[in-house]
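S.K.: Guided by the hints, dock chain C onto chain B, whose structure is given.
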Amino acid sequence: MWTTERILGLAPDESSAKAGQGLASPRKWVTVGQTERILWGECQGSGSKPYQTQIDLSEPAFKCSCPSRKFPCKHALGLFLMLGPKVGTVTGEPPAWVTAWLATRAEKAAKKQEKIEKAAEAPVDPAAAAKRLADRFGKITAGAADLQTWLEDMVRQGLAAAQTADGKFWETPAARMVDAQAPGLARLVREIPENNGPEWHVGALRKAARLHLVLQATQRLDALPDDLRRDVRQAVGVPIKEEELAPLPAVKDRWHVLGQTVEEEERLKTQRTWLIGEATNHAAPVLEFAYGGQPLKSTLVVGTQFDGELVFYPGSQALRAAIRNRAAETTESHGLAGHATVAAALATYADALARTPWLETFPLALANMRLVKDGENLLAVDSERRILPLEASDARQWLMLSLTGGHPAGLFGEWTGTVLLPRSVWLEGVVHGL
Amino acid sequence: MASKDNIAAQLAATALIGTERAATWPEPGGDLAPSNAAQPAQTTECRFLTSVAAFDVYQRAGHMPSERSQEVPHANAETMPRTAAGAASLLGRVLNGPQAHVLPEYLQLCARSGQRVHERYLPDLLDLAARDEALAPLVTPVLGERGRWLATLNPAWSKLFADSTGGDVWETGSRAQRARLLQRQRASDPNAARTRLEAVWASEPPEERAAFLATLREGLSPLDEPLLEKALDDKRKEVREVAADLLARLPLSALCRRNIDRLKPLVKAKRPMLGKMTVQIELPPDTFKDWARDGLAPKPLLEGLGDRATMLARLIGATPLAFWHEHAGQNAAEIAALTAKSEWRDAILLGLAAASTRQEDAATAKAVATAWLQIEKSPVLPHHDAMLQDLIAVLPGETREALAAPFLANRKALDARALYLLLKASTHAWSHEFSRTFVRTLLDYVNATGGYSGYDAQQLLGDQVALRVDPALAPAANLLAQGAPDVRSNALDKFLATLQCRFDLHKELKP
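Protein chains in written order, with the working numbering: chain B, 1 to 434; chain C, 435 to 945.
Pulled out of the complex, with its shape left as it was, chain B reads as follows (with noise of 0.2 Å):
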């Protein structure tokens, strides 16, 4: 299941892959060896101590004596690549630093579950936390009028001089957002201009649609029903702390990790991995976040699947997820049943939609669906032969049409309500990353 691709796709940059192919060569390891679990070796490195490289499968976790801040490093990505593909080629009996490292990890792992249960026992004061919410709202509210104001002036002038605006037109609001701690509501701003072509201000006049909901939404908070607010939380971007979700019920499933994307803005990289659960059908991705140069450390691998509770961000459906706790193991995902037709698929959209008017990509996943060519563009056809277009670089249709041939296969993507932004493809029982 340790494919090239995918041990490359954990790499947290493209030096470091390159680095990692290059230590993937016998010559380098003074030791190595493997158990079905673990991988570790001595790597020779330009100190007179080798480093010692472990990595755990299961997850997979990595561990190096390198002082390199990546990870995971180019050594263990050496190891990885030198030996994942072709597990079973070198045995051995774990030294006592692998094992040491193994005993801490079940050490570490024990006391966050525990942490967790106590956080879920420990009594929470609603009315405390409400007053720190209002607190924080009140400034949010002052700046997103001021914010409405903006953009009701934007529409009196037109789009045709918005469009010809230098940068600091978009940034000013933005950078204002960012100051009354409404984040969600500067990036909504920033992605209005973000869009080419000779309908510029068809796709702007959109997203500036979609602002004009959310600050409604937020200067009549009190009106609106509890879950309804939280979305409007979300959407501004008021952060919600871990002590928070501790007392949220988890969602006990086998997650299927059918998608990941990172986008990098202001030097922030995002990572969304969508998680999927093989019997609850439930859908959201989990994020993670690192800044400047500091590498994403998460291990979720597109294609893999593990048992374990998530907790959904509250609101009025799942938007986003937190891992609380999974089992030890990773195994290859085999794809889930997904919907059986377009149709159903946008059912559930249009559904979400009327929760929460605002949203911006929903994840469908679909069972047998046939991709074609059509000019320029992919096209997901179903058993019913309706179409679902898909938005694709060129690179990743040819490969869409390579894997699946024409035939039937699943799919997963985010639909944007106009487009599928295909994450996953699965046939054969094996689930492609895209």
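There may be inaccurate statements among the hints.
Unchecked claim - Chain C regions said to be covered by chain B (calculated; three or more residues, Cβ under 8 Å):
| id | segment |
| --- | --- |
| 1 | 442 to 449 |
| 2 | 484 to 492 |
| 3 | 507 to 513 |
| 4 | 520 to 529 |
| 5 | 584 to 590 |
| 6 | 800 to 813 |
Because the hints were derived from the structure by calculation, they are not lab data. Every residue, glycine too, gets a C-beta built ideally from N, C-alpha and C.
M.R.: What follows is chain C alone, placed relative to chain B:
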């Protein structure tokens, strides 16, 4: 109510010029009408944005998927098995990593084992094949049904399977495309290809004539002589040169007979009273009369030689090797061995080298190469490395290895220029024995020199040699290299990495 598209267009138009100038737009009614009760005092702009938002949500929620009337095309069922997971993963490493130069070997092994590559890599391979003509024939056999199907969908790829006799290409293609077409046809039907060329000969521009004539080298036969003889009188020098070169490859051609007559007076076999027969070779006179028509001109001079010596080398190079046995009593290989004593040694060796390369005569080539490699000092030969390499290319692998062995035995001499040239031109898969000797010498050398090496050794260690050493030696080489210092630019590391990659390749793609 106006149609959906109409509403969208009107809203967009209003937004573009601004509500300042266009104060009316289609406001949604019915269920979509905003409940104004909650907010009595709304601005025009706020009402407008609410209309847009309502219409947008309405449109997205009510998206009706269109229906496709045509069939969805699909690839046929495969007839070959797909490579196993290990081999597939390895291809991923080869395509994405620093070992891209082993790709041809991967493809060959894959084809030999009767397998097709994993579908994941088809687009990358098709792209590479479309860009690189040398790679294309290696890629096509391992594409499987899926790959061939995929190629039909992309014009950039479908040309890989274009008909090779294509009349269209001959009429409208570029010079290079047309030359390739001729070349392919020469391989299957040489006479038809020549007839095709003869039909257009008079009307083609000189660059085309030179390029097309050169394709006759494939499947060359006496039937080509009339056209080549005619081309000797071409207006353009490039065309004449190609013609003379090709005619010199046909031992029964009129050009070869003329050259024999030119060489005869310069070669004198002497039988002394005692001892072996000797052969004396003289320089031609300095008036060359009609020689130029047959491609024999002193200019440009062969580096290191004067004009008469240059002419001697060119003449020998364009004369059938059988000449020596018939007219000098000794065969060409013996002549090569005797040259050491001749005043015109270097010119004769260059000439014999050219002749044995042209005539692909391995026995003579071996004798010439042996004589050449034994010469330690020469003002001439070091300028002609390319010719030595062409010569080595004529030799079978075992001869090359036999020639290199004595150099390899001297473990301090990896930098020897002769060895470098020999190994560089030894493009065959090296035997296990030879590979082992090479690896041992290499590591002895690296250890002895503390990693320092001349430019040649470093270059040699690049991908060239690593692709020819028997990959079965990878584990042994890694073991020997433990603790060894590296050569400049990590050349040793790269060598070992390539060898290891090939080792894995052969293991994963066993037939």
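S.K.: Would you mind marking each hint as holding or not holding in the structure?
M.R.: Hint check results:
Counting residues of the segment 442 to 449 of chain C whose C-beta sits closer than 8 Å to any C-beta of chain B gives 4, which meets the bar of three, so the coverage hint holds. With 5 residues having a Cβ less than 8 Å from any Cβ of chain B, the segment 484 to 492 of chain C passes the three-residue criterion, so the hint holds. Counting residues of the segment 507 to 513 of chain C whose CB lies closer than 8 Å to any CB of chain B gives 3, so the stated coverage by that chain holds, three being the minimum. For the segment 520 to 529 of chain C, the stated coverage by chain B is satisfied: 6 residues place a CB nearer than 8 Å to a CB of that chain, which reaches the threshold of 3.
Counting residues of the segment 584 to 590 of chain C whose CB falls under 8 Å from any CB of chain B gives 3; the rule of at least 3 is met. Chain B is given as covering the segment 800 to 813 of chain C, and this is violated because 0 residues of the stretch bring a CB closer than 8 Å to a CB of that chain, at least three being needed.
In summary, the one numbered hint that this structure violates is 6.
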